[in-house]
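Colleague: Below are the chains, spelled out letter by letter.
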Amino acid sequence: MQLVLEGISKKVGAQKWLHSMDIAPQRSAVTVLLGATQAGKTSLMRIMAGLDEPTAGKVMVDGKNVVGLPVRERNVAMVYQQFINYPSLRVRDNIASPLKLRRESGIDERVQALAEKLHIDMFLDRYPSELSGGQQQRVALARALVKGAPLMLLDEPLVNLDYKLREELRDELTALFANGDSTVIYATTEPGEALLLGGHTAVMDEGELLQYGPTAEVFHKPKSLRVARAFSDPPMNLVAASATENGLRLEGGQTIMIDLPEVLGGNFTVGIRANMLRESTLDGDATLAGTVDLAEISGSDTFVHAHTVAGELVAQLTGVHYFDLGSTVNLHFHPSQVYVFDSKGLLVKAPARRGER
Amino acid sequence: MAKIELDLAHAYLPDPKKDSDYALLPLKMAFEDGGAYALLGPSGCGKTTMLNIMSGLLSPSQGSVRFDGHDVTNQTPQQRNIAQVFQFPVVYDTMTVAENLAFPLRNRKVPRDQITKRVGQIAEMLEMSDQLNQRAANLSADAKQKISLGRGLVRSDVSAVLFDEPLTVIDPHLKWQLRRKLKQIHHELKLTLIYVTHDQVEALTFADQVVVMTRGRVVQIGSAADLFERPRHTFVGHFIGSPGMNFLPATVVGSGIQVAGVSLAKPDGQVLPEGAIKLGVRPEYLVPVLAESAGALPMTVSQVQDVGTHVMLSATFGGLTIKARLPSDSAPMKVGDPVWLQVVGAHTCFYKDDEIVA
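Chains as they are written, first to last, in the working numbering: chain Z, 11 to 367; chain P, 121 to 478.
Do not rely on the hints blindly, as some may be mistaken.
[As the list claims (entries may be wrong)] Straight-line Cα separation of at most 35 Å, DSBU-like style, residue types lysine-lysine; simulated pairs: (1) K472/P to K127/Z; (2) K454/P to K157/Z; (3) K148/P to K174/Z; (4) K354/Z to K295/P; (5) K359/Z to K454/P; (6) K174/Z to K386/P; (7) K174/Z to K472/P; (8) K174/Z to K398/P; (9) K174/Z to K123/P; (10) K21/Z to K295/P.
Derived from the structure by calculation, the hints contain no laboratory data.
Same shape as in the complex, but just chain Z (with noise of 0.2 Å):
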């Protein structure tokens, strides 16, 4: 199914939600809607659905302009952020009641096949209510997933679990997409999730689609400093900076060599995302000096919060790593691992990538 939306805008009242877009998701694979809250996200999915129609603009299904056209027409699955089951069905009739109501064929099969997949074949005979927030999210995922329906649409599906679950699962749904059929739109507020969704991404802000392309090439050439700030957790480090002779002078003074693409002069902003800041140094690198705030620690990694002259900072340390409060660091990185903003936001340089050259 090739589903795509030309000129759309949405206006309620006098407000802007969505400010005119096309965009044509990949047909059969996952496209990520990543924004913060208000960004529109979910404005657009209601659009895609058919459960609102565009202010202008055409949705156009495999040729054809649905708008206007009503959602039980439209062959659509919609899953939410909070569990919907229907409490008096077993989790059994749950999952088939898609499939009953257009009286499909080979139900059981189906149900028993995909509730195998999602691991919760054990649970078939008992209601949703003695079941696990984990495993009544599973319910809901298996009803909208066995329909098999050529466009799914996920609004957030997994915020409301905890995040060892949202692990398990976003392996597993990954897993089902990749060996699916379906187009799927999958709107999250996580940076993280998005990359490990992989796909396609949409970052969206404000109402405004920013940019749009494979995930992992989004996240490493960002179009503009909105982008990159919207598309980054922790965020990424940003320090004003102007042009010197071969290279950039940051703020506090350090200077970077850079080759810049042209000689552009003026005020740029350059980033630094936070896993590029390191303690130990190699050569040729450029290093803040910085005094550190906190240590976050997140198992995996450990997040440096430090105040240096270039302004505030996060580091980003893989592992378990201890910083006394107010104790000094030397946060390292190379000059050729930052992006580039000139000073109207837009991208002038992204970090050389291994494999690129």
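Got chain Z sorted already, so can you dock chain P onto it with the hints?
Modeller: This is chain P only, laid out in the frame that chain Z set:
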């Protein structure tokens, strides 16, 4: 302030028989005076039950709670002199910030000049000095929760301050600043702080000692580094870290370790029990090594995820799948490529019946 000792069990059912009847299985442990502790585990693990038993909101169905050696099992929270901070702000809207902070001290009839001094000190720590005369009513949710935190910390004579997921309502962008505040305050006030959360970042960042719980059982008490480097129980290895530790079923036979039909040499000096064990190795410690390296398995790449700040590699061998977290500038790999991963190395942990043995 007090050292808190628990020697107890708790069941909400009248006549517990099997392990699953207990909300807290029999346990014996101590919280040292002035320590910063976190109780960490998934919902239903018993962490809130333990907190409520310490505060006196709940009596254990068997055993005792001691504060500095005195039995307080049947005392109320007030008698135990416990301060508590809950998930949602508890603030008197009609009072000013200063009055809210002073409230617990007024109740205890602390002299006025001491109240002013202490309220000033706490407000300074929470960076609320400029808001002291504002009414609480119009403040944002996180400012209100800061007041709740301040009220919990304002009395210097408490036995302990107990926190029940206090940062739930705080905007994600502000959380780290409050975590920092709490850590600073612990440093300066040296109160005994006990913090319940299901969030590993919160627990590991805040606490000197993290108590990891699952199914009514304490499976490890340790520092963040202990939990990461040497998880004492497979649950800890799984729960701490994202993704968690890889576990591989193995069999110890003489000087070798059989993994998926391959015999790997036992590391020098390593004492392992004969028979079935599990190897535990963190994704962060797995890197591709040269073919035939000691302790390595010849695996096949099954998934490569560019997760931006690093590359997540999944690889399979003989029905096993393991994950490796590689630096983002690693040599590119694709599905189907052969890769040798060192599963027995300096950072490998060994488990028997889910408990660490080496």
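Colleague: Just pull the numbers of the violated hints for me, sorted ascending.
Modeller: none
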